[in-house]
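Asker: Read off the chains here:
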Amino acid sequence: MNQRHSISMTVNGEAITMDVPVRMNLVDFLRNELGLTGSHVGCEHGVCGACTLKIDGEMVRGCLMLAVQADGCTITTIEGFADDPRSDRLQAAFERNNALQCGYCTPGMLASALDYIEAGGSTDRTAIRQHISGNYCRCTGYQSIVDAIAQTIEEGQKS
Amino acid sequence: MSGPLTNLDRPNSYIGRTVPRPDAKRLLQGRGQYVDDLQLPRMVHAAFVRSPHAHARVKEIDTTAATSLPGVVAIYTAKDFVDHVTPYVGVLTHLQGLRSAPQMPLATDVVRWQGEPVVMVVAHNRAIAEDACGLIEIDFEPLAEVCDAAAALKDDATIIHPEFDSNLAWERLVDSGDVEAIWDRDDVTVIERDFTFGRHTGVTLESRASLVEFNPADETLTYHYSGQAPHMMQAVLAKHLDLPEENVRLVARDVGGSFGIKIHTYGDDVATAIAARLLRRPVKFVADRMESFVSDIHARDHTVHGRIAVDSSGVIAAMEIDDLTGIGPFSMYPRTSAIECNQILNLTGAPYQIENYRARGRVVFQNKNMMCQYRAVGHPVAMAVADGLLEAAAHEINMDVVAIRRKNLIADTAYPATSAAGMKFDDLSHQRALEKLVSMMDYDGLRQSQEEARERGVYRGIGLVSMVEVTNPSPMFYGVGGASISAQDGATVRLDAAGALHVSSSITEQGQGTNTIIAQIAADRFGVDIDRVKVTTGDTATTPYGGGTWASRGAGIGGEAVLLAAQALRQQVLEIAGTILQAAPDSLDINNGQIVDVEGAATRMSLGELGRIVYYRGNELPNDMMPEMIATRHYRVTDFPFVFTNGAMAAHVEVDPETGFVKILDFWAVEDCGRVINPKLVDEQIRGGVIQGIGGALYEECLYSDDGQMLNASMADYLVPMAAEMPDIHIAHIETPTKTSTLGAKGAGEAGTGGAPAALMNAVNDALRPLDASIYQMPMTPQRILRVLGIGKD
Ligand code: FES
Ligand code: FES
Numbered sequence: 001m002n003q004r005h006s007i008s009m010t011v012n013g014e015a016i017t018m019d020v021p022v023r024m025n026l027v028d029f030l031r032n033e034l035g036l037t038g039s040h041v042g043c044e045h046g047v048c049g050a051c052t053l054k055i056d057g058e059m060v061r062g063c064l065m066l067a068v069q070a071d072g073c074t075i076t077t078i079e080g081f082a083d084d085p086r087s088d089r090l091q092a093a094f095e096r097n098n099a100l101q102c103g104y105c106t107p108g109m110l111a112s113a114l115d116y117i118e119a120g121g122s123t124d125r126t127a128i129r130q131h132i133s134g135n136y137c138r139c140t141g142y143q144s145i146v147d148a149i150a151q152t153i154e155e156g157q158k159s
Numbered sequence: 001m002s003g004p005l006t007n008l009d010r011p012n013s014y015i016g017r018t019v020p021r022p023d024a025k026r027l028l029q030g031r032g033q034y035v036d037d038l039q040l041p042r043m044v045h046a047a048f049v050r051s052p053h054a055h056a057r058v059k060e061i062d063t064t065a066a067t068s069l070p071g072v073v074a075i076y077t078a079k080d081f082v083d084h085v086t087p088y089v090g091v092l093t094h095l096q097g098l099r100s101a102p103q104m105p106l107a108t109d110v111v112r113w114q115g116e117p118v119v120m121v122v123a124h125n126r127a128i129a130e131d132a133c134g135l136i137e138i139d140f141e142p143l144a145e146v147c148d149a150a151a152a153l154k155d156d157a158t159i160i161h162p163e164f165d166s167n168l169a170w171e172r173l174v175d176s177g178d179v180e181a182i183w184d185r186d187d188v189t190v191i192e193r194d195f196t197f198g199r200h201t202g203v204t205l206e207s208r209a210s211l212v213e214f215n216p217a218d219e220t221l222t223y224h225y226s227g228q229a230p231h232m233m234q235a236v237l238a239k240h241l242d243l244p245e246e247n248v249r250l251v252a253r254d255v256g257g258s259f260g261i262k263i264h265t266y267g268d269d270v271a272t273a274i275a276a277r278l279l280r281r282p283v284k285f286v287a288d289r290m291e292s293f294v295s296d297i298h299a300r301d302h303t304v305h306g307r308i309a310v311d312s313s314g315v316i317a318a319m320e321i322d323d324l325t326g327i328g329p330f331s332m333y334p335r336t337s338a339i340e341c342n343q344i345l346n347l348t349g350a351p352y353q354i355e356n357y358r359a360r361g362r363v364v365f366q367n368k369n370m371m372c373q374y375r376a377v378g379h380p381v382a383m384a385v386a387d388g389l390l391e392a393a394a395h396e397i398n399m400d401v402v403a404i405r406r407k408n409l410i411a412d413t414a415y416p417a418t419s420a421a422g423m424k425f426d427d428l429s430h431q432r433a434l435e436k437l438v439s440m441m442d443y444d445g446l447r448q449s450q451e452e453a454r455e456r457g458v459y460r461g462i463g464l465v466s467m468v469e470v471t472n473p474s475p476m477f478y479g480v481g482g483a484s485i486s487a488q489d490g491a492t493v494r495l496d497a498a499g500a501l502h503v504s505s506s507i508t509e510q511g512q513g514t515n516t517i518i519a520q521i522a523a524d525r526f527g528v529d530i531d532r533v534k535v536t537t538g539d540t541a542t543t544p545y546g547g548g549t550w551a552s553r554g555a556g557i558g559g560e561a562v563l564l565a566a567q568a569l570r571q572q573v574l575e576i577a578g579t580i581l582q583a584a585p586d587s588l589d590i591n592n593g594q595i596v597d598v599e600g601a602a603t604r605m606s607l608g609e610l611g612r613i614v615y616y617r618g619n620e621l622p623n624d625m626m627p628e629m630i631a632t633r634h635y636r637v638t639d640f641p642f643v644f645t646n647g648a649m650a651a652h653v654e655v656d657p658e659t660g661f662v663k664i665l666d667f668w669a670v671e672d673c674g675r676v677i678n679p680k681l682v683d684e685q686i687r688g689g690v691i692q693g694i695g696g697a698l699y700e701e702c703l704y705s706d707d708g709q710m711l712n713a714s715m716a717d718y719l720v721p722m723a724a725e726m727p728d729i730h731i732a733h734i735e736t737p738t739k740t741s742t743l744g745a746k747g748a749g750e751a752g753t754g755g756a757p758a759a760l761m762n763a764v765n766d767a768l769r770p771l772d773a774s775i776y777q778m779p780m781t782p783q784r785i786l787r788v789l790g791i792g793k794d
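Taken in order, these protein sequences are the chains called A and B. If you number the first sequence the way our numbering does, the last residue is 159 and the count never jumps. If you number the second sequence the way our numbering does, the last residue is 794 and the count never jumps.
Hints listed in this document are in silico derivations from the structure and should not be mistaken for laboratory results. Warning: the hint list may mix true and false statements.
Cross-link-like lysine-lysine pairs, in silico, DSS-like; alpha carbons within 30 Å at most [as the list claims (entries may be wrong)]:
(1) B:K25 with A:K54
(2) A:K158 with B:K25
(3) B:K424 with B:K436
(4) B:K680 with B:K663
(5) B:K680 with A:K158
(6) B:K680 with B:K534
(7) B:K79 with B:K239
(8) B:K436 with B:K407
(9) B:K79 with B:K25
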């Protein structure tokens with residue numbers, strides 16, 4: 001229970017080396033040890049998507065992974081996405097469409113949306129809805145989020 | 001004030017305009033500040049041992065092993081708190097006869113629901129606190145439990161609170177006109193139905209969270225709060241922790257959804273405050289998802305027997321309901337758990353002209369998690385019962401469901417009007433809302449395509465609802481009954497030396513856009529660009545006293561206070577400007593941050609220049625002028641107990657009789673919430689609300705075993721609406737401003753949740769009709785639909 005392990009990783013472009021309890025999950029590590037509180041915790045059992053992160057190019061649930069499992073990995077959190085100009089258009093579309101209310105699902109939702117857009121996802125609303133169906137949002141009802149994603153893809157096609 | 005309230009051509013005209021939320025960028029960048037994001041020096045973490053039994057006596061608690069675990073700071077049981085908190089009882093005097101037993105933050109001697117907190121552990125981190133919880137041994141003696149509300153009223157039922165003669169918490173009767181004279185009349189058709197509404201819960205994505213600090217030097221308690229009503233909670237904590245109210249400060253920063261869940265007094269939250277005081281260091285408690293399911297309040301859990309009589313022309317001759325609801329073992333403090341039942345009695349059939357109405361409501365103690373007010377309190381039940389009965393009656397007499405509404409809706413010209421249950425209505429538009437709905441959805445075309453689909457063996461259904469929504473409550477809701485719950489709100493608007501506006505308001509933000517509409521109203525009424533308005537909410541130390549955000553009251557009540565304060569400040573500033581410019585104040589105006597002439601609109605001076613004169617070069621002012629540059633105004637609704645809104649909604653669904661699955665093809669909502677301050681925000685409130693209503697109608701249910709164990713207390717097992725199954729929702733508005741305020745805004749936050757279940761139930765039954773089946777139980781799961789089709793069983 002009290003075992004600790006030293007890990008090294010790159011988080012949002014910054015090299016991190018730290019000694020962590022083996023049982024600590026990745027999202028707790030990011031939030032509590034690194035102060036990256038943009039990643040949220042909604043269920044801690046892999047269902048809500050609030051903790052969605054990018055690890056070595058893959059979308060991952062930060063609550064289903066231990067920090068020690070991320071040893072040697074490259075991680076992008078919402079703080080990293082927010083600083084990346086590739087997400088500017090998506091963020092602007094979220095704002096324009098009011099695709100967030102309380103904002104608690106938003107970091108995970110943006111990560112999933114960005115993943116969809118960068119993989120060349122289409123503007124088909126059903127496909128967008130399918131893709132974000134691992135991200136729970138209690139507030140919006142999803143329509144504005146679908147609008148924001150579709151508009152971002154349309155704009156990308158025009159430019 | 002120059003110009004009408006909504007004139008989008010005027011500069012700084014923000015009321016009625018979609019402006020993006022100033023908070024959005026911050027949240028989009030992951031820069032929100034929710035309670036769990038805060039870390040304070042010397043902070044420790046709480047976890048709770050909760051009862052595994054629905055009903056049991058606590059015989060012995062052994063904390064020895066847990067106490068010696070490294071990292072454990074303190075362990076508390078009920079007896080440790082006896083001298084540090086007074087018990088609380090969830091009753092209100094105006095709900096006559098309502099009774100409940102005294103409650104303590106941790107269970108004393110007896111546990112009464114699975115999930116009730118029994119032992120609190122405080123440790124250096126949550127993981128250690130949970131380890132310690134696992135080492136605590138509690139010897140429980142199980143007691144007979146009563147879980148079913150009807151069984152709880154039987155003579156031989158175990159009585160949950162021995163000081164009472166039964167498990168009945170409250171009963172209310174409404175009897176208006178003479179229903180008995182109607183049922184046997186041979187010129188009416190009588191329809192009866194039994195409705196069941198399952199328990200569901202809020203599932204706010206951010207769970208309940210508290211971080212409390214206590215400063216023994218000055219006896220102040222600061223509570224970082226994820227909730228809706230900071231001043232209410234300030235009063236509750238001060239009273240029961242015996243602190244001067246002014247020494248208790250509640251601060252809400254970002255709140256990750258609330259919907260009524262986070263407005264109540266929870267034992268674990270109170271315990272966190274007590275522990276912080278005893279330990280003299282900050283204590284954080286964040287509910288995990290499993291404990292949220294068994295400790296956040298649940299809602300609904302009603303069975304209703306309903307009866308309607310209509311004459312051959314479709315006119316409603318009588319309506320009667322009998323509502324039974326289980327509320328868990330206590331009435332929740334301080335709002336009580338009788339309000340939902342009370343609303344159902346008040347609201348059933350409220351859109352319609354009904355002379356003869358009778359209703360009984362019974363509120364019952366049981367050994368399940370506590371039940372209390374959650375978004376759209378009572379509305380989904382009241383609307384589904386009335387409109388379910390009405391549509392069933394329409395089909396029975398071969399009348400169209402739109403036609404029967406046209407016959408019975410209270411006419412738009414009939415206001416002010418009073419309903420059979422005594423509700424006072426004004427400024428409603430049921431008829432226009434229905435007609436707008438019918439044309440928006442192309443009702444006739446849809447009926448035709450439904451016919452065609454049926455010929456292809458596809459079962460589609462169309463269902464409607466006409467509804468009212470309780471908004472902008474007056475003191476008649478809670479304050480009159482003795483609760484420390486404010487029905488008035490205040491706003492302070494201040495002009496700084498650089499010409500920017502600072503607004504602080506007692507209403508609160510949980511994502512609705514409260515801060516945005518405050519800025520819109522202030523900028524609009526005062527005359528500055530919205531970027532120059534800074535808004536503060538959520539902090540009892542810096543905002544005027546007020547109720548907060550609940551019962552769809554923020555825009556209507558808090559918004560009016562902002563409007564009045566901004567206008568008052570504007571008047572002050574014009575007077576100062578008049579003195580400086582040697583002009584009559586009423587010859588001047590404020591536009592875009594500039595003092596201008598009313599005639600010709602020539603710029604005379606900027607607000608920044610005025611600010612600099614007032615604050616830095618006061619020597620330029622006459623000696624008898626001491627400008628304030630700040631105005632506070634408060635507002636409460638006085639003419640009515642509530643300001644009602646109305647709406648009409650429709651669902652189009654397809655039911656697969658092989659699988660019992662319901663697919664929502666389309667959904668429409670017409671809402672009249674009076675003055676719309678920000679159309680986008682209102683639409684999104686309605687959409688989010690409709691989806692929450694769909695959740696309750698089709699998916700969400702807290703399932704309990706017979707012995708009171710919640711069976712699906714995880715997000716993997718409790719189904720919430722996810723994006724793939726949800727429809728796009730079409731919205732239209734009618735704007736009938738309320739005459740009770742200048743702003744004219746009513747609430748809109750709960751309409752979707754209140755109306756959608758009724759429309760869906762009617763649509764599903766419309767689809768099932770050719771199969772001779774109907775369902776009046778929510779959620780309408782595939783299994784239940786198959787059962788009414790005669791396939792499968794429970
Ligand atoms: S917190 Fe990780 S999926 Fe919910
Ligand atoms: S915006 Fe609140 S959960 Fe999505």
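Asker: If a hint holds in the structure, say so; if it does not, say that too.
Answerer: Structure-based check of all given hints:
1. B:K25 with A:K54: Judged against 30 Å, a Cα distance of about 21 Å means the pair holds.
2. A:K158 with B:K25: Holds - the C-alpha atoms of K25 (chain B) and K158 (chain A) are around 24 Å apart, at most 30 Å.
3. B:K424 with B:K436: holds (24 Å)
4. B:K680 with B:K663: Holds, because 27 Å separates the two Cα atoms, which is no more than 30 Å.
5. B:K680 with A:K158: holds (26 Å)
6. B:K680 with B:K534: holds (21 Å)
7. B:K79 with B:K239: Satisfied, since the Cα-Cα distance of roughly 19 Å is no more than 30 Å.
8. B:K436 with B:K407: This hinted pair holds, its Cα atoms lying about 16 Å apart.
9. B:K79 with B:K25: violated (47 Å)
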